[in-house]
Every structure is written in C-alpha cells, then in structure tokens.
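Heads up: the sequence lines are chains E and F, in that order.
Going by this note's numbering, the letters in the first sequence line up with residues 1 to 337, in that order.
Going by this note's numbering, the letters in the second sequence line up with residues 1001 to 1335, in that order.
Treat the hints as calculated values from the structure; they're not laboratory data.
Treat the numbers as computed from the prediction; the structure is a model and nothing was measured.
Treat the hints loosely; a few may be bogus.
Which residues of chain E face chain F? A partial, calculated answer using Cβ under 8 Å [said to hold, decoys possible]: (1) R24; (2) V37; (3) L38; (4) L42; (5) V149; (6) D221.
All C-beta atoms, glycine included, are put in the ideal place defined by N, C-alpha and C.
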Amino acid sequence: MSVLDRRRGEIGLGDVASALRSLRPADADDVASIAGVLGFGLRAADLNAQPAPTPAIYDHQRPLTPQRPQQTPSHERLPGWAMPPLLPAPEPLPDDVLPSQIFRESPLAGGGEERPAWLGEAYRLLPQERATPLRHALLPARTARGVLVAALATWRTGSEIDVTELTRLLAEQRMPQRLPSLPVATLERGCQLLLDFSDSMVPWWEDLRELAQQAIAVLGDDLVSAYEFAGTPAEAQRWDVERERLVAWRPEAERPILVATDFGIRGTPSLRHGGAEWRAFVARCVSVGAPLLFFVPWSRGYWPSHLGLHPQIVHWHPATSAAMLRRQRGLSRRVAR
Amino acid sequence: MSHYTPRNFTLPADYCFRGDPRDPAESAADPYIFSREAVIAVDVALATGRPLLVAGPPGCGKSRLAETMAAVLRWNFVYQTITSRTRLEQLTVEVDHLRRLNDAHLAARSTSPHALADRDEEYYHPGIFWWAFDAHSARRRGLPESVARPRSEPRFPGVERKPPDEAREGTVLLLDEIDKAEPDLPNDLLEPLDRGSFGLPDGRTLRAQDGAQRLTVITTNRERELPPAFVRRCVTLLLAEPAREALVAIAAVRAPQAEKTLVEKVADRIEALRQELDESGRRPPGTSEFLDAVNTCQQLRIAVDSPDWEETWQQIELVTLRKPMVTEDERSRPA
C-alpha cells in the first residue's frame, strides 16, 4: 500500500454503505440515524452552527427583551445601541380554530361555450415582483476564517527552542541567560470588535452583524467583546448581559481592536474624515499597545491618510484573502520599524 | 422510536452502564446512561474507524462518554485536555531538549561520564497519539528492540486495562475540548487521524500497529467553529441536555441514595431555570450541576418537606445552578 493510499479523506457515501452493511440496521429509523451521524440526510447535525445567538452581539432583528432598554427615535438615540428599526412583533394567532373541510370541486361545465377571443391573443406577462437580489457578503464564509485568523493573531513566546538563535549565540561564544524560544501566533488575546452602525454604514449593517458572528465563530464567545458606535468609535458601547446595562468601550492592553467602519465618508472621497477624533482614538489604542485594524468597505483611494503607521487598514471586500493580509501586516511592521 | 442494539459492543437494554467491578476504585468509570443517538454514533464510529466528534453544552457527559466506552470495551483509556497552548507535538512526540542539554553539561564536566544518553530516542517524550497507536513502542520511547530498555520509562497517560482472554488490545483516545485550541490545531490533527501515523523527530514515521483497535473521541463545547475539512472526517454526535425524565433516571444511578421526591423537585427547578436563563441569554445549568445540587441537598440532609426548604433551596440554587458573576448591588449600580 502506498503512503497516500492510507489517507481516509472526508466521509463519503462509501462510508455510509460500509457502515450500513456492517451494522445491519433493523429499520428505516436506524438507517436514518446511522446516515445522520455520518453527515448524510435530514438527521445530520450541523456542529458548526452556533447553539444560540450570542448575547454579546445585539441582534437588531430580535424583538426587545424586557431587560433591554426600549429603543428611542433615531434623532435622540444613544450612540452604540438599538439603532436599526425593529421588526414589529408577529400578530398573535386567535385561540379558536374555525372548522374547515376539503372537498373536490366538480369540473367546470364547458364545451358548448365559445372560447374567449382574448385567450388566443398575444399578451404581455405582467411584470413579476422582483426577487430580492442575492447579497454578496463582504467576508464570504470560505475566506472568513483565514482572514480573521490572519488579522487578529498576535505573537507570544512559544515553548519550542529557537535553534538558529541558540546556535548563533553559542557560535559567538555567548552563553544565553535564558533559552531563546520561537514565537508562536495566537488568538488567545481575543479581540474587541467596534462596529459602526451609523447611517453612512446602512448598506453594510448586515455585514457588520455577520462579521460579529464570524469573529465569534473563530475566537469563541468569551474572547470577543463587541461594541457598537455611530460616528465616533471612542464612544462605542456594548450591552452587558450580566449587569444589564451599557458598558462604555475602553482599550485593553495588547488586545487587538478591529473597527469596521467607513469613517463616515458616505462614499465621498473628498470628505475629510473628522481627523481629530479618529487621531485621538488611534492614540488611545497606541498608548496601551493594542493592535488596531480597520475594516473599510471602500477601496484604498477613500482611506484617510492622517492616522499614522500604527493602525492597519484593510479593504473589507470579498477578494480580500488571508495571504494578502499577512503580506500587508508584514509590510506595515517593516514600515513601522 | 425502535430500540437499537449495538453490534460492536454490549450494553443492557436500558442503555445503562452501571460500572465494572473488575476496575480498581481509583480508575473505575462512573455509571452512565447512554442516549439512543450516542449508542448509534459510537457503533458507527467503531464500524467505520472514524473519530467521533461529540458536541454539546458543558456538563452534558461528552467526556464521560469516552471514559465509559473504554470501560465498556475493556480498552485502555488515554486523554488530553486541549488548551490554547496545545501543539501537535505534545500529542504525538516531543524532544526533551532541556534534559538533553543538562545531561550534556554533566557529561562535559566528567562528573558523570554516562550522563548523556547514546541515542536520541532516550529524549523522546511520547504523546497520547503514540500511546494509542503503539503503546509498546511508546513505553520504549521508540528505541529499537535490539537496544535495552530506556533509562527512564514514560508514564502511561490514562487508564491501562488488560484485554479479556483472546481479545485484542484496544485504546479509547479522548481529545477533550478541541474548540479551546488555536485554529490551526484541528487541521494539524488530520494527519494522525486520517492516516494513523505521524513523523518522529529523526525522520521516521510511526504508524498505528496493524490490528490495534482504536476509538478516538473528540469533544467540543462549540465555543469556536471547527474547520469544515476536520468536521467532515468525523462521525458527529450532538448531545443535548437531558430532559426532566432523563435527569431523574441519571440521578437514580449516579446518586442512588437521594430521595425520589428531592430529585424530582430539583429536576423541576432545572427545567424552569433553563427556560428563564435561556431567554435572558445566560448559560443554563447542565447535568453535572444538577447532580451537584442533588448531592448538596443529600449531603446537607435538606428535605423537601422541611419548613425552611424554600429558603435553603434559594441559596443552593444560587451557588450550584445560577452561579451569578455579579451581585444584585453591582447590577443596580449605575454604569
């Protein structure tokens, strides 16, 4: 047997067939259960589906729970929460059920009547109601995992010895005070997610929600703190489920911050991006050593140029890949040095 | 739903494993009630030789399923809890560089001429995959048979069981909480899981022994998503929280001394709490917390018909089931 032949690969119909032959199921129910645990049929469970919507991210389409403060009109609202309109609660169904009966209709009497003339005429189809166009996610599922890992990974000291560095030191006849070890990329610091739910970002509100879910899928619920803001990221807030109140954002030492925003430009490149408050925001992140990334749905020509070298700005686009991000991060690190 | 009889292992008709008296007390598996889905999933995993990926909320019995299967099959049981710092090398083989460096220093000083081992393998530290693939080779740190035993024998990382007469040796390997790992680890595991082999530091490949039986169980709390390529290689089982009747049945085997009225009362409270906490986005209590509550009442001799039951129960519920992370004072304090 060649080395490659030993590979099992993904589970396929062959595995289902061999399991059914070997286990000899007694009835159709057993067959469905066996196929289900192998990922086939309606009983297959999606283990990657989120067990429940996370309370950390506010679902703007969910009816308000009693704990959540009621939404205020858009002009008086607080920044950072409850901005999108809510769907009305469904009408309650009546308690009583009306009697109903199904019966066959006799065919329409016909034959004798003359066929209406308009039936033979050329007629124009009434315009069909337009189907909702398919939405293309800014971060498609196939690339989301790689992009977010590349974007949010930080370095920590690993346990593997850096043989190259050790050899160099010994060759220079220098005895190291401590064994040099190789750094490893890690997501253990999680991230703070600052989502811009301003009017200017309306076309991407769905993407903002999706980004939050994607970050949680990659990092885990406990490691993602999602905040919302409108206009000024420093005023971002999040809903604390345990304490049942809004919590103001503040940067945490060395914890990556990912801001999804368009800088409020509304697609106008000539508009200057409220420079002072964005610069102050960047300075605040720098002061605690928090890596800062901006995901911007507009291309490079629309990006501000006055934010300095610390933040990394990424084009939030379906074509953005993990490799591009790693290259960009490597480049920005070199430039920063 | 029809009763399913597993083909690859034996269980009583009520799917209840009540323990095995042959196991010494310190390594004996606790009683366990299988769900029908779990019985089928384990049977399929054994039939196809695929890893079993078990998902479910904390405390619903995912890890215990693996431990129990080892006891049911009379196989060895090796396990490792995955953390964000777990690497593939820890699970397969690591080289103890520090011990080697130390031995080299001692040998250079001539205090002990035999301090440095002749062979590199002496410094190999076998991980659980090595133990599951070939326990004999792991015990010898990969030294060839022509060489005497290693100077220090590594410890078996789990429970060893002697197979019944004429039965082949088998191992249940548990990788607990895979969702805590860095995102690359599940992909790194494809090689040992897929091919039953991994590379040794000296370039050789260690393969699973021909004929050795193995059941790999991987658990996840679904805190992080797993790579689709990894999930598609596994038999999957989603363990749900047991309903009220199942909780009462579990308590009957895990806490047999507890009064039935007490167990039913606690199970009722669990059901009510699950609904209440679920609606407010908090984590509902699991089976293990239910057993904690029952055992607490049992140990403290709190009877459901005592006059101060309600008051005492409120406190027990708070510490065993609700487990609030903030006080009421903190909650009412302005932000």
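Kindly indicate which numbered hints from before are broken by the structure, ordering the numbers from low to high. As far as the earlier hints go, only 4 is violated by this structure.
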